[in-house]
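Next come the chains, spelled out residue by residue.
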Amino acid sequence: MNFYLVGLSHKTAPIEVREQLAFPEGRLADALQQVAALPGVRETLIISTCNRVEILARAESSPTDPSVGLAQFLADFHQLPSQRIEPYLYRHHQREAIRHIFRVASSLDSMIIGETQILGQVKEAYALARSAGTLRGPLDEALTRAFFVAKRIRSETGIASSAVSVSYAAVELARKIFGSLEGKRILLVGAGKMSELAARHLLSHGGSHIFVTNRTPQRAEEMAASLQGRAVPFEQLFEYAAQCDIVVTSTAAQQFLIRKADVQRLLSERKNRPMFLIDIAVPRNIDPEVNKLDNVFLYDVDDLQQVVNANLQERQREALRGEQIAEQEVEKFLRWLKTLDVVPTIIDLQSQLEQIRQQELARVESQLGELTPQQREAVDALTKGLVHKVLHSPITELKTLAQQPDGLRLVETVRRIFNLKQ
Amino acid sequence: MGHFWLRIALVLYSLGLLHAILTVVGRRQKIFRVALGAIALGAIFHLVALVEDGLAMNHFPATNLSEAASLLAFLLAAAFLLVHWRYRFQSLAVLLFPLIFVLTLPAALDRSADTWDLPILRTAWLYLHVSFIVLGYTAFFLTFAAGVLYLIQERELKSKRPRAFYYRLPPLESIDDLAYKSLSIGFPFITLGIVSGALWASSVWGPSWPTDPKIAWSFATWVIYLLLLCARWVGGWRGRKAAYFAILGFVAILATWGTNSGMHSFVLR
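Protein chains in written order, with our numbering: chain Z, 483 to 904; chain V, -9 to 259.
Treat each hint with caution, since some may be false.
[Unchecked claim] These stretches of chain Z come out as covered by chain V in the derived footprint (C-beta under 8 Å, 3 or more residues):
(1) 680 to 691
(2) 705 to 718
[Stated by the list, open to error] Partner residues aside, some chain V positions facing chain Z, computed with beta carbon under 8 Å:
(3) Arg145
(4) Lys148
(5) Arg151
(6) Gly226
(7) Arg228
(8) Leu244
(9) Ala245
(10) Trp247
It is worth saying that the hints were derived from the structure and are not from the lab. These numbers were taken from a predicted model, which means no experiment stands behind them. By construction, the Cβ of each residue, glycine as well, lies at the ideal position given by its N, Cα and C atoms.
Could you build all of it, start to finish, from the sequences and the hints given here?
Structure follows, in structure tokens:
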């Protein structure tokens, strides 16, 4: 039983190549059928997203390497010469192929490690291959396990736990400062797109009252309406700032709007309750000196980006633990595969019955009394013949059926009804 | 029998110690649930041991240093469970679990070594005095631990370059909240402990007791915490300054605890 994987991804191929080799959704079922019809191929699955195109197949080993056929198919299907796509392809066989599909499903191979989209895409590819009838044996099991591995890695490591976008990083920081955002008040100074996005994130995580202020009051009114907040006059900026826990600034002012002395005043009015200031304006609206004050946390765009970068590194560290889990699961899968092999099953079957025969002979030994060598031989031959006859049909069926798609289910059934160790 | 239960508690607490070591060395989070269960179960056995000891010896088991330490360990375990239930602070475990283990150790290993077997100490005053002080110390240890966590997390947030701590420590406000609550709970206990001690000492040893160094230290400690509490109430102190002060207060507690290793100097005069 052999698994082959041929594909390309953002790691090996530029977008120009990936878009040429992607499978249009409408033609995927057709493509699956064509791969399944290649010599030796028993099962197949095609994953085609904007970041990767992969063909995974289970094939019987034949004189020609099945992965050559898969690569050729990939070129032919898109009407490209195969030597043109060759430099971008990677090929994996057996253990490597299984590990690869586990890593892909778990988002360890993604451009942004831990992103959740890829799992959904692999699940779609799986559903499609199932309905096209090209998935019905060990490869099916491999995919089912890939989904399990993805779930396990997500819950046991932190690959998906920290923010990787600037606006979400702001929410994460707010939660690191305040704990819960429940009941926190937010002031938007300036009505830009970025601050609106940040505000929406903050609101969806529990932030309550939102105030919007802007030099042109009309724009403030509009944004306040869309965020279900309140527009307040620009002159009263500091009055409202004192009531707010989170202040987001994004005006086009050329000088600092908020200085250290202003914030000091705000703090004493607030009895030092902490403030989180997010300055997404360039040039900056808040004097960076403000960050030196106790209980004030000021982040500008670069700071947020720095947090995002640190989060990405953290994800990478967590991914190392994910790799270990994937490796364990590959090991488990291969062990399961071994039990499905026909030859060991036949041997197990024979030795199991032989053991029973020996036990039964030993048990009746005393009742038989003294036997002549001929008699002993006859008893031996009789029992051996019995075992042989009983096993004849199961063994021949196993040998022939194992070649067919449902053979593995049969092997499993045989192992179970004869109580062979797993 | 009490001894036996205490040893079981100690074995369970050692799982907590293991968790703390593994977290520091290899930041493995999975064992936390096991450790948490072990600490909870250990605390139950510990309580059984305390009650049995109390019944067997006909007095509250807080009459010598190792007993007081073991009582403190039990209270810390209980306090941790409470805090975890309320705030989900896993990171506190790294500080607390080893301490719980170490404090239980002397009582579990040897027992009758140094009982304060002076008849003069066998009064209800002793139990009151020691219990209040130990309860106060438990709360102040939490204030101290919260202070340390606060300073680390605040640095992470101010530096804007989050490292491993940033991801594993709780939010600043929750830490500060814990610091404030534990301070407000600890202060009345320490005050009662000192007052009961003073009343008792003046009734037995007369007016010479305030010259004892341990008493000087404990007054200093009390004043530090009083200032901190007032500053928080009136001056709106919180966060970093409060955290530094809480750490200072705890250093004073250690000095108090360390002076004369548990007993006041005038007792033996």
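Exercise for review: Mind listing which of the numbered hints don't hold for this structure, in increasing order?
Suggested key: Numbers 1, 2, 3, 8, 9, 10 - these are the hints that the structure violates, sorted from lowest upward.
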